[in-house]
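As given, the protein sequences belong to chains A and B, one line each in that order. If you use the working numbering, the first sequence corresponds to residues 9 to 511, in order. If you use the working numbering, the second sequence corresponds to residues 9 to 511, in order.
Hints are supplied without guarantee of correctness; some may be wrong.
Any copy will do: because identical chains look the same in the list, a pair fits if it lies in one copy or spans two.
Simulated pairs of lysine to aspartate or glutamate, EDC-like, Cα-Cα distance not exceeding 20 Å [to be verified]:
hint, residue 1, residue 2
1, K422, E206
2, K143, E168
3, K188, D49
4, K188, D163
5, K420, D49
6, K422, D49
7, K500, D49
8, K143, D163
9, K327, D234
10, K420, E248
11, K473, D444
These are computed hints drawn from the structure, not numbers from a lab.
Number of protein chains: 2
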Amino acid sequence: MSIATHPLQIDLAAYLFMRLHQLGIRSIHGVPGDFNLVALDYIAPAGLTWVGNANELNAGYSADGYARIKGISALIIAFGVGELSALNAIGGAFAERAAVVHIVGVPSMASQRAGLTMHHSFGDGEFGRYRRVYKGFSCAQVNLTDASTAAEMVDWVLRECLVQSRPVYIELPTDFVQAKVSAERLGQDIRLSLPVPENDEVIENAAIENLLRRLYAAKQPLIIVDGFAPRYGISEETDELVCITGLPTSTTPFGKGIVNETYPNFHGDYAGAAGKQVYMPWVNLCDLIDTFWLRVSHFFRPGDIVMTETGTPSSGGRKFVLPPQTTMINSAIWLSIGYMLGTCTGAAIAQAEQIASGTRPPSSRTILFEGDGSFQMSAQSVSDMIRNRVDVVTFLINNDGYTIERYLHGMKAKHNWVQPWRYLESPWYFGAPRDDPSYPVFTRQVTTWGELGEVWGGRQLRAGKGFNMVEVVMDIEDAPSSLKNLVLMVQKRNAGGAGGEEG
Amino acid sequence: MSIATHPLQIDLAAYLFMRLHQLGIRSIHGVPGDFNLVALDYIAPAGLTWVGNANELNAGYSADGYARIKGISALIIAFGVGELSALNAIGGAFAERAAVVHIVGVPSMASQRAGLTMHHSFGDGEFGRYRRVYKGFSCAQVNLTDASTAAEMVDWVLRECLVQSRPVYIELPTDFVQAKVSAERLGQDIRLSLPVPENDEVIENAAIENLLRRLYAAKQPLIIVDGFAPRYGISEETDELVCITGLPTSTTPFGKGIVNETYPNFHGDYAGAAGKQVYMPWVNLCDLIDTFWLRVSHFFRPGDIVMTETGTPSSGGRKFVLPPQTTMINSAIWLSIGYMLGTCTGAAIAQAEQIASGTRPPSSRTILFEGDGSFQMSAQSVSDMIRNRVDVVTFLINNDGYTIERYLHGMKAKHNWVQPWRYLESPWYFGAPRDDPSYPVFTRQVTTWGELGEVWGGRQLRAGKGFNMVEVVMDIEDAPSSLKNLVLMVQKRNAGGAGGEEG
Numbered sequence: 009m010s011i012a013t014h015p016l017q018i019d020l021a022a023y024l025f026m027r028l029h030q031l032g033i034r035s036i037h038g039v040p041g042d043f044n045l046v047a048l049d050y051i052a053p054a055g056l057t058w059v060g061n062a063n064e065l066n067a068g069y070s071a072d073g074y075a076r077i078k079g080i081s082a083l084i085i086a087f088g089v090g091e092l093s094a095l096n097a098i099g100g101a102f103a104e105r106a107a108v109v110h111i112v113g114v115p116s117m118a119s120q121r122a123g124l125t126m127h128h129s130f131g132d133g134e135f136g137r138y139r140r141v142y143k144g145f146s147c148a149q150v151n152l153t154d155a156s157t158a159a160e161m162v163d164w165v166l167r168e169c170l171v172q173s174r175p176v177y178i179e180l181p182t183d184f185v186q187a188k189v190s191a192e193r194l195g196q197d198i199r200l201s202l203p204v205p206e207n208d209e210v211i212e213n214a215a216i217e218n219l220l221r222r223l224y225a226a227k228q229p230l231i232i233v234d235g236f237a238p239r240y241g242i243s244e245e246t247d248e249l250v251c252i253t254g255l256p257t258s259t260t261p262f263g264k265g266i267v268n269e270t271y272p273n274f275h276g277d278y279a280g281a282a283g284k285q286v287y288m289p290w291v292n293l294c295d296l297i298d299t300f301w302l303r304v305s306h307f308f309r310p311g312d313i314v315m316t317e318t319g320t321p322s323s324g325g326r327k328f329v330l331p332p333q334t335t336m337i338n339s340a341i342w343l344s345i346g347y348m349l350g351t352c353t354g355a356a357i358a359q360a361e362q363i364a365s366g367t368r369p370p371s372s373r374t375i376l377f378e379g380d381g382s383f384q385m386s387a388q389s390v391s392d393m394i395r396n397r398v399d400v401v402t403f404l405i406n407n408d409g410y411t412i413e414r415y416l417h418g419m420k421a422k423h424n425w426v427q428p429w430r431y432l433e434s435p436w437y438f439g440a441p442r443d444d445p446s447y448p449v450f451t452r453q454v455t456t457w458g459e460l461g462e463v464w465g466g467r468q469l470r471a472g473k474g475f476n477m478v479e480v481v482m483d484i485e486d487a488p489s490s491l492k493n494l495v496l497m498v499q500k501r502n503a504g505g506a507g508g509e510e511g
Numbered sequence: 009m010s011i012a013t014h015p016l017q018i019d020l021a022a023y024l025f026m027r028l029h030q031l032g033i034r035s036i037h038g039v040p041g042d043f044n045l046v047a048l049d050y051i052a053p054a055g056l057t058w059v060g061n062a063n064e065l066n067a068g069y070s071a072d073g074y075a076r077i078k079g080i081s082a083l084i085i086a087f088g089v090g091e092l093s094a095l096n097a098i099g100g101a102f103a104e105r106a107a108v109v110h111i112v113g114v115p116s117m118a119s120q121r122a123g124l125t126m127h128h129s130f131g132d133g134e135f136g137r138y139r140r141v142y143k144g145f146s147c148a149q150v151n152l153t154d155a156s157t158a159a160e161m162v163d164w165v166l167r168e169c170l171v172q173s174r175p176v177y178i179e180l181p182t183d184f185v186q187a188k189v190s191a192e193r194l195g196q197d198i199r200l201s202l203p204v205p206e207n208d209e210v211i212e213n214a215a216i217e218n219l220l221r222r223l224y225a226a227k228q229p230l231i232i233v234d235g236f237a238p239r240y241g242i243s244e245e246t247d248e249l250v251c252i253t254g255l256p257t258s259t260t261p262f263g264k265g266i267v268n269e270t271y272p273n274f275h276g277d278y279a280g281a282a283g284k285q286v287y288m289p290w291v292n293l294c295d296l297i298d299t300f301w302l303r304v305s306h307f308f309r310p311g312d313i314v315m316t317e318t319g320t321p322s323s324g325g326r327k328f329v330l331p332p333q334t335t336m337i338n339s340a341i342w343l344s345i346g347y348m349l350g351t352c353t354g355a356a357i358a359q360a361e362q363i364a365s366g367t368r369p370p371s372s373r374t375i376l377f378e379g380d381g382s383f384q385m386s387a388q389s390v391s392d393m394i395r396n397r398v399d400v401v402t403f404l405i406n407n408d409g410y411t412i413e414r415y416l417h418g419m420k421a422k423h424n425w426v427q428p429w430r431y432l433e434s435p436w437y438f439g440a441p442r443d444d445p446s447y448p449v450f451t452r453q454v455t456t457w458g459e460l461g462e463v464w465g466g467r468q469l470r471a472g473k474g475f476n477m478v479e480v481v482m483d484i485e486d487a488p489s490s491l492k493n494l495v496l497m498v499q500k501r502n503a504g505g506a507g508g509e510e511g
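Just chain A, with the same shape it has in the complex (with noise of 0.2 Å):
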């Protein structure tokens, strides 16, 4: 029960904003359209930034890698169409555990009770079609027509995002953007607005009284850290663990980044069997890459945010020796190719944010390792990066084609080859300036260690400001006889107990 007769009102927009800003947002990904472009008044007085992403799909993957840096992110696209285009990068969010507060514009709620025939409708006057589908893809949903409860509504849904570390799903209708609602919970940290769930101490205390037991009853301990720590924001107090008592470490690819590599105890990745039999061949793919993904640790510093896409980077990159506070990013299950290109802009942003507040290092970078096929999925992600200024590293390993599908199926099929694209004209063609010294470009192809070795030590690597591209030839005949256990493997699993022995 509140004091004041006349509490302060606001459109819903602002608070909806205001809320995302005192989360630590700073910047809104998303494609504009006609249901949303009244709420998209509301970012900058929200003293919030639009980064204004290509396509949707790309949007959401650049929500995503925000979240995974900075622990929660925005995204707003319209009703239908747009959102459609996103789902693939929502199931991701949702699977992997990223919190994305997904928010559509919708037709006004005067227009869905008319039942009007609408464009990205099937002209049905059905509304409900979209929401339904994102209820399986998002932790919590809410449809704001309510001005009276939609504060509360929106508290709760924001929450709900935290605390699960999952996408949530908000629908705006137009006609309740500018709807009136009382400021006064902004007063309150959302954190603290709801009430919280308590462990119950007993049982807490019953757990961890169990688990030393079995520590100081195992005769040969390993700690093994998986990928959801950073989501709970116990990334630290992980990495303290593995320091104080010294017990034997590893980390599943997922993982890959949370405990300081440094540390004596630290042992490399573990990925049960799919590691020996479906992972390591990779990383022997041909001479330059046995070799690679060793040596470019020695380019990496602390504070950096390194990524790999799925395939060949993600399994080279279980290679890579990591100093402290590195992040990693790699994709544990979805694995969805060329989500990494797309989440680096977010990443970037995100890590930029965090060194204008004095969170991570100045010297620190991104660095992307991408390959050819994944890169043309989502390939105008580049443009987001250069629209946004955004400073990134990119290693695009090119070995024309999807070399993964080939080796398990298909080596000399002409659908896993890729289309031959002219990837270091991608600044230009995707609009950097030139000659702009706040904003350098760097392009070089690579083919020998020399070539690599040059690059790394140069100057612009080494500053990683503005957009690098590093195209790293690998010649895919190269190929070792261990990649036999992988196709065996994988072939036996999709052929199942069914079907024929053909193939």
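For chain A, the structure is supplied; the task is to place chain B on it using the hints.
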């Protein structure tokens, strides 16, 4: 009951692709992935060509375009990440009735039954998630998990695709790709392989009589032709009706091109209230565009496919005067920007097949009118065009951003500007061959009528062979006051009955 005791057995994938070939499909759209790789081996032996798109959304768009020209198309992509990325394209095909056979390579039934933690899933052993999504975006679905009924199920689902002229969804588990099925049914035309529901003669005659009575009684009858006529295969009958009756006739924007526009009784386009208030102001956007759309009509030839992207091009395109046998593609209700560039690939491939088979004039061309913001959405379609050596003429209308959004709300807003690309570099960036006489490349920027006249009259664009791109630079500041109606109407609808009046 078959007399044969040992009917010929073939692999299920062979059966499926042979059926697609029988329906007139010659090119298969898609993206390779580990769950569809073995199935792709069956494409070439069935007499089909692999298109190989750069990403799944563009693959879906391209398949939609192919279907609008040839009546039906097929798309094969992978489980989860692939199919979610294509959802917006399939939604558009559903809304606007393009018959796309959407085949998804899914994990083996052995893996699914075991509830394995698979990539492209949430890791929860749940494999029905994407199938449930597609239930809302396709008119029929099958999961081919029983070899004894698979051939019959394939026939059923393909027939639904044809009859309803809408996407169907086929799940093909990796362990059923090579399941043995009887080839016996392949001898039967798929259109006759299941009982055809016939119209009730009494009802049909009564309906016709009713229609004729109303027509003869009308003082001012008018035929309005809409875009679904070709979906039911009655374009020629419609044209004949208009020709024979001599009744005054209009087409909706979506139906444009179905009726010969040189008939004396053709009265241009009709789009209800929206026509005057929403669309037509675009036609008058600036001096160049006032007459651009009329003048370009002289460039068209019988047999051409003319495509206009949603926004400035689709509105301006309503002014076209089309020669007979022109096919026009625009979006009726889905209005997903980026669609037209993607769908152009498939339409041009379909056209080439028709020219090769003698069903379309050899001199006919594919002509695309595209906006800059929409081009950026799906730009890697240009790569698909070049990979497939597609002949296409693109007019890129460059007005520096999302013009329609700009007029609706936010003339100076940062979010309505797009990153300025170097569009004319497109063919080179996406890997077009240099100096290959079998695939010429032509690019030109025009800003005046003289320059435009020069390229229209030039040999290269008249032939329309190879990759051709003309960047038409328009000045967005040069807008007439007639656009005020548009702004007022859409603002009013978006504001609904609730919300404030600001903005």
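Taking the hints in turn, this is what the structure says about them:
no., hint, result
1, K422 to E206, "neither (57 Å within a copy, 44 Å between copies)"
2, K143 to E168, "within (14 Å within a copy, 28 Å between copies)"
3, K188 to D49, "within (16 Å within a copy, 60 Å between copies)"
4, K188 to D163, "within (16 Å within a copy, 56 Å between copies)"
5, K420 to D49, "between (52 Å within a copy, 11 Å between copies)"
6, K422 to D49, "between (48 Å within a copy, 10 Å between copies)"
7, K500 to D49, "between (55 Å within a copy, 17 Å between copies)"
8, K143 to D163, "within (19 Å within a copy, 33 Å between copies)"
9, K327 to D234, "within (17 Å within a copy, 60 Å between copies)"
10, K420 to E248, "neither (49 Å within a copy, 51 Å between copies)"
11, K473 to D444, "within (12 Å within a copy, 39 Å between copies)"
The structure fails to meet hints 1, 10 from the earlier list, while all remaining hints are met.
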